[in-house]
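Chains as they are written, first to last, in our numbering: chain Y, 1 to 363; chain G, 1 to 363.
Possibly wrong hints are sitting among the right ones.
Copies of one chain are not kept apart here, so a pair can be met inside one copy or by any two copies together.
Keeping only pairs whose Cα atoms sit at most 27 Å apart, straight-line, the calculated DSS-like set for lysine-lysine is [what the hints assert, rightly or not]:
hint, residue 1, residue 2
1, Lys201, Lys145
2, Lys157, Lys323
3, Lys323, Lys201
4, Lys204, Lys145
5, Lys204, Lys323
6, Lys157, Lys137
7, Lys101, Lys323
8, Lys134, Lys145
9, Lys134, Lys101
10, Lys157, Lys204
11, Lys145, Lys101
Just so you know, these hints were derived from the structure itself, not from any lab. Being a predicted model, the structure only gives us computed values, none of them experimental.
2 protein chains.
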Amino acid sequence: MGDAPGNPLAGSNAFVGVAGFFTLRTVTWDDGRVRMIDQTALPNRFSYVVYTTPEQVASAIRTMVVRGAPAIGVAAAMGLALAARRSRATDLPGLVRDLEKSAAMLRSTRPTAVNLFWGIDRVLAKARASTSAKRAKEDVESEVKRMEDEDVATNRKLGGVGADLIRDGDTVLTQCNAGSLATVGYGTALGVIRAAVEQGKLVKVLVPETRPALQGARLTAFELARDGIPCTLIPDTAVGYMMSLGRVDRVVVGADRITRDGYVFNKIGTYQEAVLARRHGIPFHPAAPRSTFDLERAHDQVTIEERGAEEVVQIRGRRIAPKGVPVSNPAFDMTPPELVTSMITERGLVVPPFEETIAASMA
Amino acid sequence: MGDAPGNPLAGSNAFVGVAGFFTLRTVTWDDGRVRMIDQTALPNRFSYVVYTTPEQVASAIRTMVVRGAPAIGVAAAMGLALAARRSRATDLPGLVRDLEKSAAMLRSTRPTAVNLFWGIDRVLAKARASTSAKRAKEDVESEVKRMEDEDVATNRKLGGVGADLIRDGDTVLTQCNAGSLATVGYGTALGVIRAAVEQGKLVKVLVPETRPALQGARLTAFELARDGIPCTLIPDTAVGYMMSLGRVDRVVVGADRITRDGYVFNKIGTYQEAVLARRHGIPFHPAAPRSTFDLERAHDQVTIEERGAEEVVQIRGRRIAPKGVPVSNPAFDMTPPELVTSMITERGLVVPPFEETIAASMA
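The following block holds chain Y by itself, in its conformation from the complex (with noise of 0.2 Å):
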């Protein structure tokens, strides 16, 4: 399925569900085999791809066919169930062995985001406290397909939570793109616009576009577009200029992992929209499902990634730079907990002081 190339928002109504929103899932289990809308294509040309083995689903991972943390959560543990459909193994401890195998390399894709982690312990957990080698195939499938609806389910609840926030005519800034492209679907930071929308109120979104990887450009404008909700394009440079004329009232971010000192891990970008909208006086929240929470850590002990010169001297195949120049390319970074009005998710806000209340609202 896909579009003809052209203008992606007119599209067919198969994007629209009975909310009026886009409602396609971004990863999905289809019977043995994974289907993902291929990010990398977007917005010029929509398309799926499908793939068979967790090999494929790693490299899908690793080049940011899909991307988000919620959504490369999914994504590896159906690489797992496609690493169980494979396995020739007919003992349960061989199942096991299989799955950990491919499960080391799922884990070496990309390493900030926790989702990632969080959905192949997921699955691991659930094989390993299965009865045999069948029952634990099956045990996994059910598992991943789980994990797709509760996704959808999660970001609908966390969205109601965080559309409370929203006043009627608020303008949003948001980064990167933490919408239905970054989860199965409906999203966490847009899905909170969305949430609010569906409660009547108007809700304008401001989208910096997010070099180097432009997923604000690319996605989340195709996103918004494609639903109807206004929003306005701006370059990352323009995000302070933008506050200090009065233009933005509340920021929402999705995250790839929190820690329970209540860091917050996201798409670079996010600290200094973070610091521009404190000296500004203008609330920021993270929004976020239990599964972006690690418990476990504390910011000093998170990796953040460093990705390769070309994404930024290369844009589209064409070269923006000269040959050779040294580039330095964090795909993510670290905001601290002061800079963090509330945290938005399905389980209610989680206010400061965030090392206390995210272990009581996350345990």
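Dock chain G against chain Y, hints included.
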């Protein structure tokens, strides 16, 4: 003259002057022709364009063939010198009328950098003070040649003032391109870096790519690599994170206009650098010549140029956002005086309180 396409760093020695630095002039008067480096083609291709009419120069300023406040000031002045050459007026009032007509057109190209108006006014004043049309044409030409030479001398002086602030081993963050390519030669912010290197200091430069027009990636990285000054290119989203890691010792940027009350208008993204610098206790310095100071206006009397959406939704001809998405693309922003540590000028450092010191040092 041009390089073969390919590695623009593998240039000839023609680029290297006695001090070892990029010494080609960005804009030069060549006996009735204005010669400019075509900055839209950099870093992929190094080439010159030659103009013989004021309309061509106006178009070059509008389309950023030439950009950078000091460079467009000199370019506009030279556009008027072309108008003088082409004028058929035989008496001085007739010539002045012709020049005023071209001046109006040149003034309408870009609204924010005050150097543009300064360059135009200086040439007009010279013509008006002449005694005949013939004499005025000569005076105008010698004036633009003087302005061209003065620009480089001013930047060297300003560079020396700023270099004294730089410590051996410092990493300096800049924004956009305030280098040779933003001036006739040597640069303002990059002039400070060059002067510090000439003093024997090791200086590293952190270069944000500066979306949307990518002057950091395309021009600053190009200039610095040519000159063998170590630099690292980063996405604009990584500015705050780099500061939080302790990787920035000082911020030095250019300016397009500094008003009498100490507000600094410069490339979009400068304001957020200043806010982030303040949070991290990093000194923040605009570097600008006298011609960038606007003693007649306060900050609320300046127009910030809004440029077209195509700069944001397309990069080098490739679409990176859905068609039809609304875009806000302010080319500049405004940094308030309380975020400025000191201003680097050819007349020395200007320090707070700026509403007093600017008037005193720039009168």
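*asked:* For each hint given before, does the structure comply? Return the numbers of the non-compliant ones in rising order.
replied: 1, 2, 4, 6 and 7
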